[in-house]
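**Q** Listed below are the residues making up each chain.
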Amino acid sequence: MRPVSTRSTGVVLLWLLLAGFLVLGALPNQTASIRLGGLSVLWWYGGLLAPALGTLVAIRWLADSPPRDE
Amino acid sequence: MTSVSRVLAGWLTPVALLAVPAALCGRAADGLWLGLTWALVPLIVLGLQAGPRPGPAGGGRDERGSLFPVVTLLLTVGVLLWANIALAGDVAVWLRAPRWQGIVVTAVAGWLLTAWRPLRRTAPLLLSVALVAAVAPLLQVAWAVGLGPIAAWDRVATQAAFRFPPASPWVTTGRSLATAHGRAPLVFDEVHRLTAPAGGTLRARTLDGTRPAEIEWTLTPGQSVTLRAGDELVPGGTLRLRFEADKRVPGAPASGMAWAEAPPRRWLDRVGLLVTLLVGAAALLRAGLTLRLPRHGAGFVAGGLLVAFAWAQAWAVYAVLQSPDLFLGGVALERLLGLPGAALFAEPWRRTLQAFLLVAGLAAFLASSVALRARLGALDPTGGGEIGSDPGLWAGLFGGAALASLWPVDPWALTLLALGGAGCALGPAALYPPPPGRAALATTAGAVGLLVFATFAAAQLRGTGGALLGTAIGYPALVGAPAGALVLWLGRGRAG
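Same order as they appear, the protein sequences are chains A and B.
Under the working numbering, think of the first position of the first sequence as 1, with each following residue one higher.
Under the working numbering, think of the first position of the second sequence as 1001, with each following residue one higher.
I should point out that these hints are in silico values taken from the structure, not numbers from a laboratory.
Per label pair, the in silico range of CB-to-CB distance:
| # | chain 1 | residue 1 | chain 2 | residue 2 | range |
| --- | --- | --- | --- | --- | --- |
| 1 | A | Q30 | B | R1211 | 33 to 41 Å |
| 2 | A | L36 | B | A1167 | 30 to 38 Å |
| 3 | B | R1351 | A | L36 | 38 to 46 Å |
| 4 | B | R1266 | A | L36 | 22 to 30 Å |
The beta-carbon is built from N, C-alpha and C at its ideal position, and this holds for glycine as well.
Modelling step: build the complete structure from the supplied sequences, incorporating the hints.
**A** Next up, the structure:
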């Protein structure tokens, strides 16, 4: 069994960010259309929050660790 | 830095960069999904550990000797070049220049850049030029409108209707209907007087009582015809027409609220798009390669994708706010390379900012050409990267793409076709690699995946629908990629 690496954590988090958009869009009563601060909730999430979090995830978890001394 | 810029440039082709704002303009929720997947999927693919760890150079080859991935990627790169050169032709037509001029300029520049060895490491520079040249007009438009992106979005989402601005070229001088070649029908929502400045023949479907009828008018220069609500222009016309100012744009959403709150497509369609982009990214960015990204490299890739998505969103919002006439006949990619708001800037600023946008598009195309050439060269089974440095081969590739681009095509559909095909052929093995020494299994799985993909893609031509089958036909990678993965899994099981 392969060990869970920091990359795996990052990939799972990125999948969760994508899934969050689908879940938000599927909420009843057009919850995603609610306006907050001039922008719909769906746009806050899909246009701003999820891409920004994706960038942070990539920086924190997707980078290769520096090679060890061999 | 070079590998980072190659990943960004290879993924952010001009067609991809414009497809996101076009989708946002057309249907906000679907555009957001496209933009989000486009921004996150490369990170997922690069984050998946597959294959052996490379040497200290930072990149390496996982498989040698197999021609299948080389040929597949060569065809993929050819189709991607075709899509982008065809877009250049569309842009030329939209800017009232001959189609061949846009095609020749981009194809020759792309070929020179890939053929001339000293220019092959210019992807970071070209990407920087594209970034500056794309952001400068955006900032200028935002400053001229006097609204930030969020306030502009709010303004769009509260509009009662999308109407022709008085300064729109469709109102002042008129434009040829041939340039409104989107997929949406030109159906009128209210009484609308159309004028043919140069005269010509106009055909429309009207309702004669309850019976539909097709009427043809032969108009003299300057003559007008009035259409009623529900009437529809017959597609395929090339007549130059002037529309009335402050009338609803045919094909536009009913209101800003309808645009902002339109429900997304079926979840299966969204999954189909996700799978296509995922396997396409796996094929394009890492099939046969092991790419190591240091922390700053991962940050640059993610940051570049974030900036591109942010630009696409802001550009889409300002375009809809200032040029709602882009809805006419459906939002086409080339219209988003035109400066929005005909009355926003006086000459020579307008021409200068338009030139900035064209420079951005050309620089992005050249950067992607360099990146795709390097990508293909890195997969060369002979080990010397000959495919990436054969000027004859690349002349043929650019020449063929340029010739094919003389006929208008949908560049985004071509891009999805290229990514889906390559993804089904190479994606499963890139994401789920066979054991060492079993390259033939990857080839078999790829061939099966590609065959299934081609079968369903061919069914697109028949236009058959249905719920599940319709999605599979619309996004053939949804079936082709699992078919290839199944073959890989069965082959691994037999080996074990």
